[in-house]
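Could you put the whole structure together from the sequences, leaning on the hints where they help?
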Amino acid sequence: MRLAIDIGGTFTDIVLEHKTDLYTKKVLTSSSQPEVAVIQGIIELLQENKINSSDIKMIIHGTTLATNAVIERKGAKTCFITTEGFRDVLDIGYESRFDQYDILIEKTMSLVPRKYRYVIEERTDINGNIIKPINTKKFQSLVDIIKNEKFESIGIGFLHSYGNPKNENDLKEFLLKYLPDVEVSISSDVCPEIREYERFTTTVVNSYIKPLISSYLKKLDTELRQKGFNCPLLLMTSGGTLTNVINACNNPVRLVESGPAGGAILATSIAEDLKLDKVISFDMGGTTAKITIIENQKAIKAREFEVDRKARFKKGSGLPLRIPVIEMVEIGAGGGSIARVNKLDQIITGPDSAGSNPGPACYSNGGDNPTITDADLVIGKIDADKFAGGKIDLSKEFAKNAITKNISDKLNIKTETAALAISEIVDETMSNAARVHTVEQGHETSNRTLIGFGGAAPLHISRVAEKLRVKKIIIPTNASVGSAVGFLKAPVGYEVVKSLRMLLNKFNFEKINNLLTSMKDEAEKIIQNESEKTEYIEERFAFMRYAGQGHEIKVPIDNEVLSTKDTNKIKESFETNYEKLYSRILPNADIEILTWSLSLSIIDEKHTKYIELDAYKNIKENSLIDFYDYASGEKIKTPNYERKNLKPGDFIHGQCVITEDQTTIVVSNNFNTKVLSNNFLQMEHINNE
Amino acid sequence: MNENNLIDDKNNIQNQVMWNRLLSVVEEQGQTLVRTAFSPIVRECGDISAGVFDLEGRMIAQAVTGTPGHVNSMAESVKHFINHFPLNTMFEGDIFITNDPWMGTGHLNDFVLTTPCFKDNKIVGLFSCTSHLTDIGGLGVGPDATDIHMEGLYIPMLKLADKGVMNKTLLKLIGQNTRQPVETEGDVYSLAACNDIGCKRLVEMMKEFKIDDLKKLSDFIYDKSLSAVESEIKKIPNGVYKNSMMIDGFEKDIKLEAKLKVSDNFISVDYTGTSDKSKFGINVPLSYTKAYTCFGLSCLVSAEIPNNAGSLKPFEIDAPIGSILNAPYPAAVCARHIIGQMLPDVVFGCLEKAIPEKVPAEGASCLWNITFRGKTDRGPNNNSLFAVTAVVNGGTGARPNKDGLSATAYPSGVRGTPVEINEAVAPLLFLKKEYNPGSGGKGKFNGGLGQVIEIKSAIDEDMDLLASFDRIKFPARGRSHGESGNAGQVSIKNKRKLNGKGTQLIKAGEILQIFTPGGGGLGDYSDRDKELIETDIENELI
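Protein sequence lines, in the order shown, are assigned to chains A and B. The first sequence begins at 66 in my numbering and counts up by one. The second sequence begins at 313 in my numbering and counts up by one.
Below, simulated EDC-like cross-link-like pairs (lysine to aspartate or glutamate); rule was C-alpha separation at most 20 Å, straight line:
(1) A:180 x B:846
(2) A:408 x B:544
(3) B:714 x A:164
(4) A:475 x B:616
(5) B:687 x A:190
(6) A:532 x B:339
(7) A:215 x B:850
Read the hints as simulated data drawn from the structure, not as lab findings.
As structure tokens, then:
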């Protein structure tokens with residue numbers, strides 16, 4: 066038996082896995098002491114199901130705590146020590162503006178203000194040679210400053226330290242000797258990659274959240290033990306693998322965005338169960354929608370991510386992190402996203418959200434901005450009496466008033482037309498994000514299966530599917546707690562990334578093989594702490610480009626000692642990938658490798674309840690409801706079903722609305738719906754040409 | 313409400329949806345260009361433009377990447393292509409190319425490629441894009457030339473591809489006329505690839521929405537954008553507003569003079585009174601003058617309205633022929649960005665008299681790109697020569713109710729280059745690159761800070777600095793009693809001053825020291841919030 070815990074901004078979701086059954090619980094997050102709600106929720110869930118703490122064999126935990134500490138600036142008092150002459154790298158950033166036309170933008174400032182940034186004489190060059198050694202005599206004054214200012218955490222970042230970490234290591238060692246209680250993070254550990262702004266920023270974020278995360282995790286671990294849980298506690302990382310408490314405390318920056326990573330893992334495991342090679346994972350909640358590509362039953366991994374985007378999810382307005390992440394795009398489109406009319410008389414939705422307080426207008430909680438949920442209610446996608454299992458009362462009148470006042474009066478159109486338009490615009494926004502993201506990864510959308518979860522996804526997924534020309538949709542069970550369910554499917558693993566620049570035709574095999582061996586040792590050491598199993602899956606990648614280009618593509622390489630015969634293989638592999646992305650290869654250009662990654666993961670045996678059914682039979686609806694159809698703009702009587710009454714093998718032809726406790730599945734006229742053997746819903750396009 | 317209205321509503325919503333789609337298509341077009349480019353100023357800094365056009369040559373959507381210098385100039389260039397190659401002579405798979413400064417985007421380093429887009433064997437629209445190539449021969453990226461032919465290879469309007477077959481002769485010719493043949497060829501391919509993506513997506517969209525031509529959609533976008541900008545202009549008091557600004561120039565000081573007229577539904581800017589053209593390559597073709605002037609106007613008047621033929625229509629820009637802002641062939645124009653990027657400040661100075669509450673102070677404005685050329689030990693393809701441009705900025709002017717942005721590009725939209733990347737691609741060693749405290753003009757709101765930068769050769773070799781800097785003699789001025797920002801400085805550290813413009817030698821071992829200009833302040837410094845002053849002092853920013 067295993068437990069998964071997902072702490073979100075509003076709710077903490079807990080999922081108990083017993084053989085192949087899942088039991089879920091949602092409690093309010095206790096922001097100041099998150100462990101309180103976690104413990105309370107776990108105890109309640111176990112009591113409800115008459116299970117002892119000693120029966121639990123593993124607890125898997127993901128949290129937005131790290132992200133929120135950054136966004137709300139609630140981390141530790143942190144200082145940053147860097148190379149003399151480069152005190153402002155953290156603030157100078159890209160020297161650009163994330164919005165071309167808005168002269169009033171605010172840039173995201175570093176977590177460490179200038180007054181807490183100190184410089185020392187030292188310098189390493191591009192080749193890793195130390196051209197100015199550090200002078201330890203000058204360190205004593207640094208120690209005094211740190212003591213006087215009572216810094217809790219220190220970040221160290223020197224130029225070119227990814228090529229030679231000696232100076233950073235020496236300083237760290239010295240500081241720890243005199244300041245044993247202060248946390249120290251060095252850039253060559255946290256993010257050994259070229260490009261100083263990203264490397265330093267990642268290091269500073271790590272330093273900033275380290276004291277908070279480690280004290281929280283240690284408290285949680287202790288309390289769990291006191292309550293009789295003697296099983297391992299593992300943490301979900303942004304890269305989609307699991308890590309133990311010690312590693313999480315050392316490298317907490319890797320916990321940022323662990324919730325959405327859980328969602329992507331869920332989609333990956335569904336893709337495996339159902340044997341789907343080409344998938345788009347679509348996770349739409351109250352505030353944002355997250356879109357991830359799953360290719361050959363694997364989520365695409367990336368190495369960069371932006372946290373704390375100031376200008377409402379606008380690219381470039383946040384702090385760039387260079388960490389292993391699951392590649393996804395997150396946009397401000399959720400149930401709570403606000404709709405309005407802009408200067409061009411266009412309806413726009415989001416990216417700002419009404420949140421849970423006051424929430425959408427229909428919550429009758431003082432909110433008077435029309436949201437996606439209000440529009441969904443007016444068009445009949447949401448049944449006011451059944452929302453959240455009937456636990457939250459929705460007012461259709463308040464929803465209509467908000468839309469009339471803010472949208473339809475301004476445009477002189479009917480309220481229902483405006484509601485349809487709001488829904489259509491948000492669907493278009495999400496589809497555009499999905500399309501651009503898919504193409505950036507070098508893929509198409511149209512031949513894929515869409516897997517939808519999160520509270521709002523089932524309401525919008527069939528229209529999004531039409532726009533992406535997707536022919537098949539899957540809605541799993543427990544869709545509204547998808548991330549936590551995903552945690553249970555994650556592998557234990559670790560990824561190491563290192564920069565070592567080299568032209569392919571001047572390949573230094575000894576250097577590369579040594580580097581890869583040391584990377585493997587590092588990864589092995591970490592995962593051996595977490596699991597007794599010694600067999601694991603190893604993956605190696607090189608990040609390559611034509612010499613002279615600025616962006617690399619990711620190319621898989623063999624898990625063996627490399628030798629001369631491999632250069633051609635690597636070249637071919639690069640060219641195949643390049644051509645797939647950009648249509649033409651360049652015959653005359655040199656190829657170079659910048660960065661290497663190596664990951665190890667342990668995979669548990671899978672349980673699946675999915676078997677292919679031979680036959681499906683038509684069933685009769687529970688009732689008929691009024692529903693506005695986008696294609697015709699008309700009100701149509703639409704069949705309504707209760708999901709709990711649906712059984713494997715059931716078949717619904719065409720348009721319908723399927724209600725369940727925490728969400729509603731809206732199926733357009735272009736899809737037929739099947740209930741699979743594992744109770745997942747599968748919608749298939751009627752004209753499957 | 314009758315049925316027709318309902319259909320109109322639906323069509324409007326559908327047009328709006330397709331408009332959003334077009335914006336996402338051109339965004340993707342631009343991203344493809346950045347990801348495949350070789351030229352560092354494109355791949356690290358995003359110096360590009362990409363857009364989609366209707367059959368009249370009207371731009372209907374443009375990617376919000378890159379730099380405003382390409383905005384209006386690329387918009388015009390497609391009309392030139394259509395005049396030169398009539399639509400009925402275009403075939404699927406054709407690609408057209410030019411780097412004509414007067415028909416393209418203002419200097420020979422910018423290649424413009426235009427690709428007609430076909431659906432069911434019928435031409436439905438055109439995609440165009442432009443990016444800055446590192447080297448196109450001639451004297452290199454600096455203002456030293458005295459006519460256009462000294463600045464490199466001049467490519468007239470030609471076919472780069474004919475029904476899908478690349479023009480090998482032209483590619484060879486281009487390759488032979490650049491110091492970086494592999495990279496330049498790669499960049500041409502990259503431009504072609506990005507238009508291909510655009511065409512593909514446009515056809516997909518037209519199939520999805522079941523339309524056979526773009527006429528109605530294009531009219532919809534044009535009309536909506538035009539009337540939106542017009543209604544913004546109506547909010548500005550009618551009148552004629554004048555301003556003039558002095559800048560350094562090359563061989564002599566330059567006066568930029570503008571008369572801005574606000575009417576009911578349009579704004580005109582006339583640069584009569586501006587200095588005559590220069591002997592050197594800092595001259596500006598009119599298309600580029602229009603581009604930066606429109607950009608300045610858009611920022612204050614119509615910032616939220618996407619750029620297209622309709623939203624640009626209400627802005628009428630002119631400069632006397634032979635002036636530095638309308639320099640005709642064969643004037644040298646390579647470093648036209650120096651003066652072009654000053655034009656938003658000139659426009660703001662006019663608008664200050666009409667809408668003072670919206671106008672920022674003057675900033676460093678022109679990019680302080682540091683271009684070096686010399687011997688290297690680390691070039692790709694065993695090249696023993698290097699040419700590199702480190703993109704670097706000063707501070708922007710203080711803004712209404714906010715300080716200026718330190719070390720940030722404005723009006724240009726490009727990114728700076730990381731120190732570690734500069735040192736990887738060229739044999740340079742940076743000794744310093746940080747804020748220059750106190751360099752922003754003081755005011756109720758301070759101007760943004762400039763930077764202090766020190767660089768020397770990493771391999772003890774001589775190298776050339778191709779200087780193209782301004783605001784060394786005339787700093788960015790403050791407004792409403794705000795003080796001027798610090799002027800820029802270029803020198804060999806502890807030795808001698810260097811000129812702001814022109815190629816100069818930096819000897820092995822010498823340290824180039826640069827102070828980029830600070831932005832001007834806004835309002836009286838005695839009105840500055842005491843807490844802000846304390847924070848400035850604590851952080852050693854003043």
